[in-house]
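**Student:** In order, the protein sequences belong to chains A and B.
Following our numbering, the numbering of the first sequence begins with 1 at its first residue and continues without gaps.
Following our numbering, the numbering of the second sequence begins with 1001 at its first residue and continues without gaps.
These are calculated hints, taken from the structure and not from any lab test.
Do not rely on the hints blindly, as some may be mistaken.
EDC-like mimics (lysine to aspartate or glutamate), calculated; alpha carbons at most 16 Å apart, straight line [to be verified]:
#	chain 1	residue 1	chain 2	residue 2
1	A	K203	A	D135
2	A	K179	A	D277
3	A	K207	A	E146
4	A	K165	B	D1154
5	A	K264	A	D135
6	A	K158	B	D1191
Letter by letter, the chains look like this.
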Amino acid sequence: MTENPDDTPQEPGHSLWPIGFAIGVAVVLVGLVISWPAVVLGAALTIVFGVLWIRDASRSHAPVDSAPAHELMGDTPSPGLAAAEEEHLETYGRAGFLTLATIGLGGVIGAAVVLPSLGFAVLPSFTGEAVATNDVDLGPVSNFPEGEFVITTFIGNKVQGEVSKRTAYIRNNGLSANKEPSFTIIYSRCVHLGCPVQPNGPKFEDKKVTYKDVTLTPVQPAGFGCPCHGGAYDTEGNRTAGPPVRSLDRYAFSIVNGNLVLGKHFSVGTVVGTGADAKISRYRQTYPGVHVDGIERWLYPIPVPGS
Amino acid sequence: MAKSARQAQIEQAALYPLDWVEERTGLVGYTKWFLFRNVPGDVNWMQTLGAATLTAFIVQATTGVFLAMYYKPDPNSAYESVQHITHEVTLGWLVRGMHKWGASLFIILMFLHMARTFLFGAYKYPRELNWIIGVLLLVTGMAEGFTGYLLPWDQTAYWATVVGININATAPIAGPFIAQFLQGGSQIGPDTLAKFYSLHMLIIPGGLMALIGLHMYLVVRLGVTSPPWSPKAAGRPRDEPAPTGYGDYRQGLIREHREEHAQEDGA
């Protein structure tokens, strides 16, 4: 340090503003996913902390107050030395400006390249572009015998093709108390970790019906079981044994021109009652293993956009 | 020891290109500093596990690059391209086998190397940072395993990845976001395979290589530890400093120290 005293003022002063600046940028990015007000808040934070940071940085590089440095080093300032020092300080001010300008410009250019790239890598997963599922036509309601489960396989998204092949267990409940058609449509993925649950009971392959991409195989399940880790469910999808944390996911449905059409996929806390009279506690679709009710739901406070 | 004129001539001819490179880059000195270094006299065979892990990584990198010439990361052709590599491409079965089994070997060797480091106490001062880098290497190595497992695109690959991604999803707060990013949507879809391929062959290996570089720099800088039963003190400072420039870099390349050459340098 004492060998080269001109170097010492170049050490940047410690400042907390960069942290605030970084938080601002983070809020902008999260805001882009969640909501516009958050973007505005983040932008405001970024600007405020950025200005403070620049002010702080330029102050710590300002060519003022060199006396304390002399005291620290025990120098006795002679007139000649002071003149040399002044000359140095002038040079240093320019060097400091150029250093800051280089870092600043480099930062701006770097951000201009990195932020859009990162956004491109991360954001599409959350905007729902890749997952837009169109409502799937499962064929005439008459293909679903009342009171019986049918293993239904279908292509969830025509554009994605085979990779979006899904299975649902569908039971026609007949008419509900207020004369509305009622279907129990259980999604086949286990809500432990997403393996395909199987119906525990005889399948009737000979009574298989197909409608376009859709195949319908009648089955008589006593319940559903998962081959991976032994999760077990009753015919309403309520957990009866094993590790699952909620009831099996379901689909909403509508009837269009006498055809059963799959609607939104949703998650289920528990189901009370059966068939058309069932009271379903319905939640936004979420991942297997994620609690939707009980105290554990606080572990997952932020819903994922685009799911 | 006297040398014949012919021997000296051959030696001169062999060293000339090295001199030429050294004078312009200093790389010969750095290479020597990196490779020809003192180790404790009582090193153990267990201490070759790190180098074995590195070798396994190099095998993975090499075979992976060549597999990428035939693999198609698209849901409609990935499985067929892997079958094509295995059954039709000349020597494809061998290179794919090396990559597949080498992956397990890499992970096993990492664990053995870590066990050696732990049991020898080689993670202690001043090598704590290298332990931490090693842990990061273990994590990135596992991430390589996870992303690579999906690529054959068969039933095992698909369902193992479903379960793996959903295990990620159960992490508090951030879990569902990680899962959503990994599969590029709320379900495994056409983008998931390409994303895993990109992670597996570009992003994660880049991080691995950078970490391996840091890891090895610290090994060379801090030296190799003696086994715990060694009578010698651990953490002894290295005898020679890092090369600073054109100097006696030839020492070690030629066992015999040549005084006349040292004088030439001094002049």
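**Student:** Next pair to validate is K264 of chain A with D135 of chain A; report whether the Cα-Cα distance is within 16 Å.
**Tutor:** Distance ~8 Å between K264 of chain A and D135 of chain A Cα, so the pair holds.
**Student:** Does the alpha-carbon distance linking K179 of chain A and D277 of chain A stay inside the 16 Å limit?
**Tutor:** Between K179 of chain A and D277 of chain A the Cα gap is close to 12 Å, so the pair holds against 16 Å.
**Student:** Measure nothing beyond the straight line between the CA atoms of K165 of chain A and D1154 of chain B; if it is 16 Å or shorter, mark the hint as holding.
**Tutor:** Distance of about 15 Å is within 16 Å: holds.
**Student:** Are the Cα atoms of K207 of chain A and E146 of chain A separated by 16 Å or less?
**Tutor:** Status holds; Cα separation ~15 Å.
**Student:** Has the given pair, K203 of chain A with D135 of chain A, been kept, meaning a C-alpha gap of at most 16 Å?
**Tutor:** violated, 27 Å
**Student:** Holds or violated: are the alpha carbons of K158 of chain A and D1191 of chain B at most 16 Å from each other?
**Tutor:** With Cα atoms ~15 Å apart, K158 of chain A and D1191 of chain B stay inside 16 Å; holds.
Checked against the numbered hints above, the structure breaks only hint 1 and satisfies the rest.
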